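Colleague: Residue numbers (my numbering), protein chains in the order written: chain B, 474 to 766; chain P, 474 to 766; chain W, 474 to 766.
No lab work stands behind these hints: they were computed from the structure. Just so we're clear, the structure is a prediction, and the values are computed from it rather than from any experiment. Possibly wrong hints are sitting among the right ones.
It does not matter which identical chain is meant; a pair holds if it fits inside one copy or across any two.
What the hints assert, rightly or not - Taking lysine to any residue and the SDA-like style, the derived pairs with C-alpha atoms no more than 20 Å apart in a straight line are:
1. 698 with 687
2. 761 with 578
3. 554 with 756
4. 692 with 731
5. 544 with 515
6. 554 with 517
7. 642 with 712
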Amino acid sequence: MRSTVSKMLRSQAKLLDFGRRQWTVSCLSRFLSQDSKLTLVEVDDETGITTLTMNRPPVNSCNLELLQDLKESIKQIECNKSRGLILTSSNDRVFSSGLDLNEMHKPNQERLVAFWRTLQEMWLSLYLCSVPTAAAINGHALAVGCVLSAACEYRVMLPGFNIGIHATKFGYVVPPFIVNSYLSVLPRFIVERALLQGKLFTTEEALQVQLIDEVANSKNEAISKCADFITSFAGTNPEARALTKRQFRDQDVQLLIDDPEGQLHECLEYINSPFMQDNLDGYLAKLKSKNKK
Amino acid sequence: MRSTVSKMLRSQAKLLDFGRRQWTVSCLSRFLSQDSKLTLVEVDDETGITTLTMNRPPVNSCNLELLQDLKESIKQIECNKSRGLILTSSNDRVFSSGLDLNEMHKPNQERLVAFWRTLQEMWLSLYLCSVPTAAAINGHALAVGCVLSAACEYRVMLPGFNIGIHATKFGYVVPPFIVNSYLSVLPRFIVERALLQGKLFTTEEALQVQLIDEVANSKNEAISKCADFITSFAGTNPEARALTKRQFRDQDVQLLIDDPEGQLHECLEYINSPFMQDNLDGYLAKLKSKNKK
Amino acid sequence: MRSTVSKMLRSQAKLLDFGRRQWTVSCLSRFLSQDSKLTLVEVDDETGITTLTMNRPPVNSCNLELLQDLKESIKQIECNKSRGLILTSSNDRVFSSGLDLNEMHKPNQERLVAFWRTLQEMWLSLYLCSVPTAAAINGHALAVGCVLSAACEYRVMLPGFNIGIHATKFGYVVPPFIVNSYLSVLPRFIVERALLQGKLFTTEEALQVQLIDEVANSKNEAISKCADFITSFAGTNPEARALTKRQFRDQDVQLLIDDPEGQLHECLEYINSPFMQDNLDGYLAKLKSKNKK
Numbered sequence: 474m475r476s477t478v479s480k481m482l483r484s485q486a487k488l489l490d491f492g493r494r495q496w497t498v499s500c501l502s503r504f505l506s507q508d509s510k511l512t513l514v515e516v517d518d519e520t521g522i523t524t525l526t527m528n529r530p531p532v533n534s535c536n537l538e539l540l541q542d543l544k545e546s547i548k549q550i551e552c553n554k555s556r557g558l559i560l561t562s563s564n565d566r567v568f569s570s571g572l573d574l575n576e577m578h579k580p581n582q583e584r585l586v587a588f589w590r591t592l593q594e595m596w597l598s599l600y601l602c603s604v605p606t607a608a609a610i611n612g613h614a615l616a617v618g619c620v621l622s623a624a625c626e627y628r629v630m631l632p633g634f635n636i637g638i639h640a641t642k643f644g645y646v647v648p649p650f651i652v653n654s655y656l657s658v659l660p661r662f663i664v665e666r667a668l669l670q671g672k673l674f675t676t677e678e679a680l681q682v683q684l685i686d687e688v689a690n691s692k693n694e695a696i697s698k699c700a701d702f703i704t705s706f707a708g709t710n711p712e713a714r715a716l717t718k719r720q721f722r723d724q725d726v727q728l729l730i731d732d733p734e735g736q737l738h739e740c741l742e743y744i745n746s747p748f749m750q751d752n753l754d755g756y757l758a759k760l761k762s763k764n765k766k
Numbered sequence: 474m475r476s477t478v479s480k481m482l483r484s485q486a487k488l489l490d491f492g493r494r495q496w497t498v499s500c501l502s503r504f505l506s507q508d509s510k511l512t513l514v515e516v517d518d519e520t521g522i523t524t525l526t527m528n529r530p531p532v533n534s535c536n537l538e539l540l541q542d543l544k545e546s547i548k549q550i551e552c553n554k555s556r557g558l559i560l561t562s563s564n565d566r567v568f569s570s571g572l573d574l575n576e577m578h579k580p581n582q583e584r585l586v587a588f589w590r591t592l593q594e595m596w597l598s599l600y601l602c603s604v605p606t607a608a609a610i611n612g613h614a615l616a617v618g619c620v621l622s623a624a625c626e627y628r629v630m631l632p633g634f635n636i637g638i639h640a641t642k643f644g645y646v647v648p649p650f651i652v653n654s655y656l657s658v659l660p661r662f663i664v665e666r667a668l669l670q671g672k673l674f675t676t677e678e679a680l681q682v683q684l685i686d687e688v689a690n691s692k693n694e695a696i697s698k699c700a701d702f703i704t705s706f707a708g709t710n711p712e713a714r715a716l717t718k719r720q721f722r723d724q725d726v727q728l729l730i731d732d733p734e735g736q737l738h739e740c741l742e743y744i745n746s747p748f749m750q751d752n753l754d755g756y757l758a759k760l761k762s763k764n765k766k
Numbered sequence: 474m475r476s477t478v479s480k481m482l483r484s485q486a487k488l489l490d491f492g493r494r495q496w497t498v499s500c501l502s503r504f505l506s507q508d509s510k511l512t513l514v515e516v517d518d519e520t521g522i523t524t525l526t527m528n529r530p531p532v533n534s535c536n537l538e539l540l541q542d543l544k545e546s547i548k549q550i551e552c553n554k555s556r557g558l559i560l561t562s563s564n565d566r567v568f569s570s571g572l573d574l575n576e577m578h579k580p581n582q583e584r585l586v587a588f589w590r591t592l593q594e595m596w597l598s599l600y601l602c603s604v605p606t607a608a609a610i611n612g613h614a615l616a617v618g619c620v621l622s623a624a625c626e627y628r629v630m631l632p633g634f635n636i637g638i639h640a641t642k643f644g645y646v647v648p649p650f651i652v653n654s655y656l657s658v659l660p661r662f663i664v665e666r667a668l669l670q671g672k673l674f675t676t677e678e679a680l681q682v683q684l685i686d687e688v689a690n691s692k693n694e695a696i697s698k699c700a701d702f703i704t705s706f707a708g709t710n711p712e713a714r715a716l717t718k719r720q721f722r723d724q725d726v727q728l729l730i731d732d733p734e735g736q737l738h739e740c741l742e743y744i745n746s747p748f749m750q751d752n753l754d755g756y757l758a759k760l761k762s763k764n765k766k
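Model the full structure from these sequences, guided by the hints.
Modeller: In structure tokens, the structure reads:
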């Protein structure tokens, strides 16, 4: 761990002591919108735990607007000092199909910049979220769907679905923050092979390699198991828990925090390359003809 | 691994070739005291293995003096070119309860500096100890008790006890060297969760995640199993073994070796913060009322 | 991961788009020799997979010439855009006995420089090879024999043999690239212990810790299982696969790519030290007397 970690810790310790008022004010001044249609935010009055539901039909593919909503909702849940956050889907077959490839195929450049910047920021919000996080994976979790799950601290999945990052299947090379996200959950040799093969794990395979922690037979049971995990922190000091998490995960996000625009620029360059655009052409055509049948 | 590792290796290779005399002299000139009361050092004449017993009643909580004794004893064992070091406790219920929180609560600043500096140095001595090390964990190993065990190369534990780092329970954020110590033994995702939950593993749970290597039914059996581990190095070249260990572990201690005073300063700042002092107030009051019942 | 990774990725993305012609030219202009006697290169016309067989009697100990042949063969296979590479041995008892210690014992300095430089370059070629790689380990894989296996993406081994890095047994401290190679396959705590003990795993032990992926009952079966692994990449984009592998492994080879001559220099200094030469004296004498019996 680098000295930046220590600096952060020290400055956060100061924050804890001197800055609580300001933090609260900044949170209150955040626009507390009603649920958008793309995400639903519900607090369980009994447990104090918040459920964040992705709700972009048909398959929760992440376009700019869903990413923005997710980012705002995560920040709001954190500011409200929720007991914890459970991420799930309103679709009972698909948790998330990943990024909306239309955002990347022959893109409008201005929108592409906003799209990828929001992806980076949303992922950071979830990965570094100060409250306990868990994913109730009630359907297929593909590509960014898997990345969102891996960014949480706990994963419960329903049987009969797939989870994984299949980027090599459509010619995409995932950026370092996505690799790190996988590495935070799985042993290195499994990550390398899964990334190279574009492996989609069945629920059973995912449990075996511990990509998920538990299997549940219904969405309700999955949410209840996630709540049990979140409740396991009852005896801990929330600030110390949050700082420990931040210190632990900080090394994985160094690049993205130190140089977000550099990371953004490199990803955009890759997305805009003829190599990647050709791959997307082919992949989207294949998907289209598959859907016609 | 960084080039400093290589530099160290090279300079150690030179040391091995040219400096053996000096090393021996420096070791002999070290004050070879009789056992203090806080630690016992015994050499098994048959095996050549040294047992280092923590002996600060009632529960081996680590105050400044115990840390100093441990550090000196480890250095002495290393200098005497013992076949190996087995760390254990004279108490048959508690291996170590961790740091003596009285050293950190409303502390005398001068003593606090000595206390934390000695903790850092003692831990380095054990973690980088050139002879094979093993822990015979014959009781609860809490917080620094667990850290000491994890710094050894092998762990044998008696059933019915707990081991773990429960710092988040009393509002403490462990410094990087303690995180690295845990990471040297356990997979990353287990470390993160255990640190955040302040998890104390039962002997059985510890065996399952391989925080310990074996379970023994008595202290004697634990020591005997530790001795077997140490004997497994019989066929190796001791200098090559020591250099390989040093090279392997060097990356984990970089921060502490490059900038011990900076690390010290940050830890003291955190300990002295009102946030941490309040947490200690509450935790010590709770312990006190618990002990009265 | 460092920014160099991103730079590499970006430059490789450019390479993919603009430089395909040049790459092909450079490959074609490489001297496509017939098999030397020290390695055999065979392409399976049906699968398009290439088998690379080490063939230096009696035990495939790696001298300068074998290392040169291996390096050239790996480059050739990569340039020919083979479907994959399977590494095996023509000897049915020994995959490889490791480095030829005669290259390191009382060495001719000029030859020693060439020997170690070729070792570094050959290992880089295999570790970063753009096509899928697998090892059919049909005999003992000792020291560099194990390192070669670990550099591949998949390992199938025949029963009744040993695999491991036993350098501490003859007083050698392995350089960082060999440590990283072990760490790319095994959990950290297993690597440390195995390196310190100079542990040779039986086939069964190797399977248990997942140093190997599968056991096969014959060389043919091993090669067939390796081919199955290579075929598992059929659905992926070869360029994206190659870039993902390169990005993933790049952090492990940073030292060797940034400063090959520095790494070389330090290894030579160590090999030439009286300490290491004395160890080799003793070890080679022991081997000699053992072989006489």
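Colleague: Take the hints in turn and mark each one as holding or not.
Modeller: A quick look at each hint next to the structure:
In this homomeric assembly, residue 698 and residue 687 come within 20 Å of each other (Cα to Cα) only inside a single copy, at 8 Å, whereas the closest approach across copies is 32 Å. Taking the closest pair of Cα atoms, residue 761 and residue 578 come within 20 Å of each other only inside a single copy of the chain (14 Å); across copies the shortest separation is 65 Å, beyond that limit. Within a single copy, residue 554 and residue 756 get their C-alpha atoms no closer than 42 Å, and across copies no closer than 23 Å, so neither meets the 20 Å cut-off. In this assembly of identical chains, the alpha carbons of residue 692 and residue 731 never lie at most 20 Å apart, being 38 Å within a copy and 51 Å across copies at closest.
Proximity of residue 544 to residue 515 under the C-alpha cut-off of 20 Å is restricted to the intra-copy arrangement: shortest distance 16 Å within a copy versus 54 Å between copies. Taking CA atoms no more than 20 Å apart as the test, residue 554 paired with residue 517 passes inside one copy only; the shortest distance there is 13 Å, against 57 Å between copies. In this assembly of identical chains, the alpha carbons of residue 642 and residue 712 lie at most 20 Å apart only when taken from different copies (11 Å versus 42 Å within one copy).
Going through the hint list in order, the structure does not satisfy hints 3, 4.
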